[in-house]
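J.: First residue of the sequence shown? That's 1 in the numbering used here, and the numbers climb one at a time after it.
It is possible that part of the hints are untrue.
List of simulated lysine to any residue pairs, SDA-like, C-alpha gap at most 25 Å [claimed, not checked]:
1) K21 with D49
2) K20 with E53
3) K24 with A46
4) K24 with T61
5) K24 with S13
6) K35 with D45
7) K20 with T33
8) K20 with A50
9) K71 with V58
10) K20 with H56
11) K26 with L52
12) K21 with K67
13) K36 with D49
14) K67 with S57
15) K36 with M18
16) K51 with S13
17) K21 with D45
18) K35 with A46
19) K36 with T25
20) K26 with E53
21) K35 with E53
22) K24 with L52
23) K24 with H56
To be clear, the hints were calculated from the coordinates, so they are not data collected in a lab. Note that the structure is predicted; figures quoted are calculated from it, not measured.
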Amino acid sequence: MDSWKCVVAYDSSVMARMQKKFWKTKQVLIKATGKKEDEYVVASDADLDAKLEFFHSVQLTCTELLKVIEKYHLKSR
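Input sequences plus hints: build the corresponding full structure.
T.: Next up, the structure:
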């Protein structure tokens, strides 16, 4: 189970780095082409990304908690 946590943590950090690189590259491309991006869309995208990252963190924590509860119930029988 500990190795799974390491994989998930590594996955999350890789995903975070990829998202940062994506946004930086996107901004460079927008500046290079001279296009203007709607600031509200950018703010909305960043807000959505933050909410999704938080959701996945909560989801992982709940899953781990359920596993612990199941183990506890199995041991108490």
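J.: Decide, hint by hint, whether the structure agrees.
T.: Quick rundown of the hints versus the structure:
1. Distance check on the hinted pair: K21 and D49 sit about 14 Å apart at the alpha-carbon level, within 25 Å; holds.
2. Taking the CA atoms of K20 and E53, the gap is near 13 Å; set against the 25 Å cutoff, the hint holds.
3. With a C-alpha separation of about 12 Å, the suggested pair K24 and A46 falls inside the 25 Å cut-off, and the hint holds.
4. About 30 Å separates the Cα atoms of K24 and T61, which puts this hinted pair outside 25 Å; it is violated.
5. Taken as a hint, the K24 and S13 pair is honoured in the structure, with Cα atoms around 17 Å apart against an allowance of 25 Å.
6. The suggested pairing of K35 with D45 holds, with an alpha-carbon distance near 18 Å, which does not exceed 25 Å.
7. At roughly 20 Å between alpha-carbon atoms, K20 and T33 fall within 25 Å of each other, so this suggested pair holds.
8. Between the alpha carbons of K20 and A50 the distance comes to roughly 12 Å, so the proposed pair stays at or under 25 Å and holds.
9. The straight-line distance between the Cα atoms of K71 and V58 is roughly 20 Å, inside the 25 Å bound, and the hint therefore holds.
10. The straight-line distance between the Cα atoms of K20 and H56 is roughly 17 Å, inside the 25 Å bound, and the hint therefore holds.
11. The suggested pairing of K26 with L52 holds, with an alpha-carbon distance near 20 Å, which does not exceed 25 Å.
12. Restraint check: the Cα-Cα separation between K21 and K67 comes to about 34 Å, which exceeds 25 Å; the hinted pair is violated.
13. A distance of roughly 21 Å separates the Cα atoms of K36 and D49; the hinted pair therefore holds under the 25 Å criterion.
14. For the hint pairing K67 with S57, the CA-to-CA distance comes to about 16 Å; that is within 25 Å, so the pair holds.
15. Between the alpha carbons of K36 and M18 the distance comes to roughly 23 Å, so the proposed pair stays at or under 25 Å and holds.
16. Between K51 and S13 the alpha-carbon distance is near 16 Å, which keeps this suggested pair within the 25 Å criterion.
17. With a C-alpha separation of about 15 Å, the suggested pair K21 and D45 falls inside the 25 Å cut-off, and the hint holds.
18. At roughly 19 Å between alpha-carbon atoms, K35 and A46 fall within 25 Å of each other, so this suggested pair holds.
19. A threshold of 25 Å between alpha carbons decides the hint, and for K36 with T25 the separation of about 15 Å falls inside it, so the pair holds.
20. Proximity of K26 to E53 is assessed by CA-CA distance (about 20 Å); at most 25 Å being required, the pair is judged to hold.
21. A hinted pair counts as satisfied when its Cα atoms are at most 25 Å apart, and K35 with E53 does not qualify at roughly 28 Å.
22. With a C-alpha separation of about 19 Å, the suggested pairing of K24 with L52 holds against the 25 Å cut-off.
23. Restraint check for K24 and H56: satisfied, since their Cα atoms lie roughly 23 Å apart, inside the 25 Å limit.
Of the numbered hints stated above, those contradicted by the structure are hints 4, 12 and 21, listed in ascending order.
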